[in-house]
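S.K.: Please build the complex by placing chain L on the supplied structure of chain F, with the hints as guidance.
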Amino acid sequence: MTDYYSLGDPVADTKAPDGPIETRWERRRFGAKLVNPANKRKLSVIVVGTGLAGGSAAATLGELGYQVKSYCYQDSPRRAHSIAAQGGINAAKNYRNDGDSVHRLFYDTVKGGDFRSRESNVHRLAQISVQIIDQCVAQGVPFAREYGGLLDTRSFGGAQVSRTFYARGQTGQQLLLGAYQALERQIAAGTVTMHDRHEMLELIIVDGRARGIVVRDLVTGEITTEFADAVVLASGGYGNVFFLSTNAKGCNVTASWRAHRKGALFANPCYTQIHPTCIPVSGDHQSKLTLMSESLRNDGRVWVPKAKGDTRIPADIPEDERDYYLERIYPAFGNLVPRDIASRAAKNVCDEGRGVGPGGLGVYLDFAAAIGRLGRDAVEAKYGNLFDMYQRITGEDPYTTPMRIYPAVHYTMGGLWVDYDLQSSIPGLFVIGEANFSDHGANRLGASALMQGLADGYFVLPNTIGDYLAAGPFPKLDGENAEVAAARKQVEDRIEKLLSIDGDRTVDSFHRELGRIMWEYCGMERTDAGLRKAISEIRELKAEFWQRVKVPGDGEGLNQSLERAGRVADFFELAELMCIDALHREESCGGHFRAESQTEDGEAQRDDERYSYVAAWEFTGDAPVLHKEDLTFEYVHPSQRSYK
Amino acid sequence: MSLKLRIWRQADARDKGSMVTYQLQNVSPDMSFLEMLDVLNERLTLDGEDPVAFDHDCREGICGMCSLVINGVPHGPEKATTTCQLHMRHFSDGETIDIEPWRAAAFPVVKDLVVDRRAFDKIIQAGGFISAPTGSAPDAHAAPVPKADADAAFEAATCIGCGACVAACPNGSGMLFTAAKITHLGLLPQGQPERDTRVIDMLHAHDEAGFGGCTNTGECTSVCPKGIPLETISRLNKDYRKALHAAS
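From first to last, the protein sequence lines are chains F and L. The first sequence begins at 20 in the numbering used here and counts up by one. The second sequence begins at 14 in the numbering used here and counts up by one.
Bound conformation, chain F alone (with noise of 0.2 Å):
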């Protein structure tokens, strides 16, 4: 394994503090230096991507007086990819009075990420659940409340207390406007200057500092260079190296890839989220696939046939030839067992060859009971848009007939490596979101990504930066500076050679490829044999986009299949990567599931002697270099998670 990558000094994070949990937040923003208000207006801050992460930290950047400069591929900050989660954003309020507390979300998060995250930052960003509901509030997010008038919540993802605020099924939506008109309060105050329609192509490092980025303005084609005292990357995950997720279209790796190439320690790629619940391919044209939210496990009881190659309709196939595999053997949580495991359930089942509807890659999601228990009218008032969304797509009303779902890459826990400041191993580059690793370990719990992104946004990351920046304003940058000019060239170079080989396959035809490989070998189960393969046939994959892509056009106008193009070649370096990383953690845990570690009856074997670290990989050109981080545990003590 060491022809693939070798062991380099261990990593530190330096920032948090020792002592006591409940204090170490509170201490550090105490010991980090501040930045005169005066002082505020003469640094600036770059901050690429306008999620619920980078949205709320332009705005709260700008509030605090720093000059912001905002960027986004999309043609406005709003449509960010925030904007669709469905379920709800968890907060430690304890207003039900049902036993929730700080502590207990931080217990929860520690041990749902299967206990490969800092204690640190999941503490914190249990403390700070609490202000993100005020401040929410206070914008006017419109969340659901009862006929008090009070905020209603509900327990989502298997969580035994009440604590996921949420709006309908659109909470990600109603979160990102409210940041989206914060950000646009300042835009109109003039401390945030906005840049939609702008892609960032490379980070600018000078003196060893994030001094700025590389973008392309997708309109015009033009590139520029733009400096700033600090950089923030908040450009999200990176699930669609598989091609297939429940991403946008537009999300890709390549702001969090450059820096990883100029530096910045790319921490646990192989932590994937698969959703179980999304609906299932229908065939080769499939662009995306399509989350159907966690709440229906509620209602929806899981099934397939008992025999193999059973195609009958599901109506004709009698109750006792059915097997509800997860109320089988998971009696204690039945169809709530968490993401990961309903995950490979289905995909076992699939594999025997007793999965449903085209290619029988699908289970049934069956609401006759609960339509039978609670009437029509009830399981409408539930569930009446997500009924209607998949009556949409599919064609099929599930009213009457049981839906189908298959599991999809929704989520990715790894990103760029940060410590408890949010910042980057590059000075002066900060990571926010879901594009940094640090609080969901090896898999997020169900409505905790919104409460990251607010948290990281709106409160730890505009604490944070003041510290970095109290040693600013740095030199004044000009194009003509070497560094500059080098990075600059970097991009055109590579915008000219991806128009320049002409070739006779298309970008999609890789990237579709490409996430055939992911998905088969670096998917729901992994192996020693299948990640090798996948290695080298990404290898020979991207060697041959390099010879045989055709991108149309020029680079002088707006050129979709250019933005692609250059996004696809990052997948390819990230998905080697991921792969190695995969290969090399030779464990099961949270979403990361080794067939050789399992357990007698299948379930995920954690290796806590070996791998109770973060795997922080240094980019070289040839094989990475892995830096561990050890994990330890003082107040949460890591356990087998079992859910019989």
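Any given hint could be a false lead.
[What the hints assert, rightly or not] 30 Å max Cα-Cα, derived DSBU-like pairs, lysine-lysine:
1. F:K401 <-> L:K17
2. L:K29 <-> F:K569
3. F:K401 <-> L:K92
4. L:K17 <-> F:K569
To be clear, the hints were calculated from the coordinates, so they are not data collected in a lab.
M.R.: Chain L in isolation, oriented as in the chain F frame:
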């Protein structure tokens, strides 16, 4: 299915543009409308032609980025459905489909089917927010909101900012979009302090951005993928009169 597509092609903002006809075979009824265009674009790319530019992102009906006028109707024939959620099973074999960009003075064409909708952001900048700087919030339960108000505010807040309302309006008015935000924020107690200035400032920004006036034709609400009702505009007008009165 096989289809005849007539698509608006326009090289850039300065180009005059025209409809161009393409034949497309082997379209599956399970494809979404945008997947059908993906298939066309794959073919055009391999044939050495410029693929058709169109906006899209989440492809699940919530980001508001997709924006096509299909057979004369923004987002096409299905009610309460964005283009990305429209599937080819709603069309028939041999059909001719016209595909055009949003057409409105405030939304200039960038290329082919892509338009510039930043005029919407300008309206929000003028007052489509509640001024609540980070960290300044009281406890979330400090101000209860009657459930009926909260639900109505949520309904208005579901607007995805796609601009179909503008594309459908004979006046190119952005009033439904503006009214949805006025309604969302005006129904909540937190939105009261800025209620008057908000409606005045947002309406001025609306007019300055090049949107036309509202003459109550109702085309906007009939194509709105989120079903934002026309009553929001009545509410906006009422708020505007009250605000002007208070200001004088």
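S.K.: Could you grab the alpha-carbon distance between K401 (chain F) and K92 (chain L) and see if it respects the 30 Å cut-off?
M.R.: holds, 22 Å
S.K.: Could you grab the alpha-carbon distance between K29 (chain L) and K569 (chain F) and see if it respects the 30 Å cut-off?
M.R.: holds, 28 Å
S.K.: Would you mind confirming whether the straight-line C-alpha gap from K17 (chain L) to K569 (chain F) stays at or under 30 Å?
M.R.: holds, 26 Å
S.K.: Hint check: K401 (chain F) vs K17 (chain L), CA-CA at most 30 Å. Holds or violated?
M.R.: violated, 41 Å
Violated hints amount to a single one, hint 1; each of the other numbered hints is respected by the structure.
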